[in-house]
Amino acid sequence: MAQFINTLFNAVSLSSIVLLTSLGLAVTFGLMRVINMAHGEFVMVGAYATYAVQNLFSAIFPKSIQPLYYFAAIPAAFAAAFALGSLLEFFVISRLYKRVIDSLLATWGISLILQQAARSIFGTQGVNVTAPPFLQGGIFINGCTFSYNRIFIIALVGICVLAVYLIMYKSGFGKQMRAVMQNRAMAQCMGINSRMVDNVTFAIGSGLAGIAGCSVALLGSVDSTVGQNYIVNAFMAVVLGGVGKLLGTVLGSSIIGSASIFAENYTSSSIAKAIVLLIVIVFLQKRPQGLFVIKNRSLDE
Amino acid sequence: MKKSRLKFILAVVAGAVFASSFSGCSKSSSQASEQTVKVGLLHSLTGAMAISEKSVRDAEVLAIEEINAAGGVLGKKIEYVEEDGASEPSTFATKAEKLINSDKVSTVFGCWTSSSRKAVKPVFEEYGALLWYPVQYEGMESSPNIIYTGAAPNQQIVPAIEYLIEKGYKKFFLLGSDYVFPRTANMIISAQVKAAGLEIAGEEYASMDQTDFAAIISKIEAAKPDVIINTLNGTGNVSFFKQMAEKNHSSEDYMTMSFSIAEEEVATIGANILKGHMVCWNYYQTTDTEKNKAFVKAYKGKFGENRVTSDPAEAAYDAVYLWKAACEKANSFEVEKVLEAIKGGGISFDAPEGKVEINGENHHLAKTVRIGVVDASGLINEVYATPKPVEPDPYLKTYDWAVAAGVQPLE
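First to last, the sequence lines map onto chains A and B.
Every letter in the first sequence is one number past the one before it in numbering that gives the first Met the number 0, and letter 173, counting from 1, is 172.
Every letter in the second sequence is one number past the one before it in numbering that gives the first Met the number 0, and letter 109, counting from 1, is 108.
A couple of the hints might just be wrong.
Derived pair list, reagent style EDC-like, types lysine to aspartate or glutamate, alpha-carbon separation capped at 16 Å [said to hold, decoys possible]: (1) B:Lys37 to B:Glu96; (2) B:Lys103 to B:Glu78; (3) B:Lys323 to B:Asp349; (4) A:Lys272 to B:Asp208; (5) A:Lys272 to B:Glu96; (6) B:Lys117 to B:Glu96.
Rather than coming from a laboratory, the hints here were simulated on the basis of the structure.
If we strip away everything but chain A, and leave its shape as in the complex, we get:
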């Protein structure tokens, strides 16, 4: 029983990490249809922003409030990735809408540039982000250890999903956003500034990747290739869930996270990877458009 609860917790935890990294992608790829190969590098930017804030705190603040750096790091990571996303959209992506292959290649190039930039600024060796004391270790209940930072990440994901939901479906800006994505010409006729909406939407997606970077920094290494490790799962989760639907991404991430933990428990990690890929392939054979499909009137899809 303890074993099962432990596995279940691991599955929820991995799902939440996949969800956090794919949430931004659900916005930029799901809504805007931009295949952003540099999404992983926004995760990296968030992770390095966390490192920078940690060092800033240890340089200027007394020891007693240093652990609070992490609460400052989350908005800082969001802001850094948001700003970079906005710039990227303005200078590159906006010129490549409707040219899928071109934007794929351009963003891949940008991902390489950002990786090398990280190496030039922070050095080739990975940097060390230390979890604040209140997130170190875990609570021991009935033979299972629930680590604090995993519980924290699960909560953080909950907050992010809720925030995205509120922005997309309950706010005025969300209405404009969905209008532009569904029928750009009509939205423009209604007086919506579609350029501004594109830019902010892309930046929000990038900012979410920054928050993801902030949390994965607690679990693993922070170096120039950190984003690459998460990007494949993130794309799979969005595609599996059905492009353009928030709930789809949530379910897609849960399927990928749980499947890989349960498969790895009974096999090895490489077999587990193969099993997850197999599940995705079989599933997309049956439902090529993913779990959820947006019904619309356009004939070109």
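Given chain A, put chain B in place with the hints provided.
Showing chain B alone in chain A's frame:
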């Protein structure tokens, strides 16, 4: 009108820059043949492996500059040509060919991963060129055109396991990244542990880019080993140890012995997490020799106080000096004569780790083996060292249990 003029100016400027860079190039190379000898450095400066290979490349540059300041080799200054392997074995192969063929270097110092070494090996053998390979590896290889200055398995893995057995560890768990070094290492360790009548409690491999170790950690918890033999490489180490720590595990309940964690990796993972864990190398920054004090001082002086020296960096530093010694013995830079001199034996260097000597037969070095424990400040302190350098035995032919188990290359 305006635009076309601008274009014209740009073209002229570009042309001028291009031409000047060309003339600059040819000038330096015509000088090269007279007063200098050219060597090649072939490491990954970009890509995933750049993290590790930078320190090795820096140590080689340091050795070259020291030798030049002391008068060079056979009266000639060393000039290095640097190429980027970009963490891609096929790139390593083409760049190796370029260094040998068009730059006409006398020797090459390079590679880190076994896959990059295996990719360049046929190139060096075909051209009859010489490569110095500075990293500990899985053994089972002995090319006439490669000198291996890192440890062979019997100079790192085998003595470490012997030490653990002696200390009373009985249940071993093998954890590694999924590629040739960990798989070969674990094959050797399994044979050794079983021959001692002890138990392998489990064997797990993580892919190189794995970030979540929760499932592997629960398997370790279920197996309850006395010690985890860790051959993870790269970022996997950081994720594994951080996620062990979040489960409240430390060296007190799960001791590890690692073969790929040196001083630089300790800094990345965090000394507070790694404190008390064991590693095995031939050299640590704390190794107590006069030569090492000078080496550490020079390395920090050139590349920054916060940099640390490590076993691979030291082995790379030795490689340059050993090449110098071999050239001086041969009284020539020609590869054939240098190899002849190495075959004759007796090429040695008083290295930071102590005296090292090239074995003329199998091209590996005799090295002292040291077990170390990570301390709270992130340095590694020696707790055991072999009384004298261990002779290299890349195929483990002198170990009965290895011969009995039929340990052989995985290919």
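Quick rundown of the hints versus the structure:
1. At most 16 Å may separate the alpha-carbon atoms for a hinted pair to count; B:Lys37 and B:Glu96 meet this at roughly 15 Å.
2. Note on B:Lys103 and B:Glu78: the hinted pairing holds, with a Cα-Cα distance of about 12 Å set against a maximum of 16 Å.
3. Distance restraint check for B:Lys323 and B:Asp349: the Cα-Cα separation of roughly 13 Å lies within the 16 Å cut-off, and the hinted pair is therefore satisfied.
4. For a cut-off of 16 Å, the pair hint linking A:Lys272 to B:Asp208 stands: about 12 Å separates their Cα positions.
5. Taken as a hint, the A:Lys272 and B:Glu96 pair is broken in the structure, with Cα atoms around 37 Å apart against an allowance of 16 Å.
6. Using a Cα cut-off of 16 Å, the hinted pair B:Lys117 and B:Glu96 holds, with the two alpha carbons roughly 14 Å apart.
Comparing the model with each earlier hint shows a violation of hint 5 alone; every other hint is respected.
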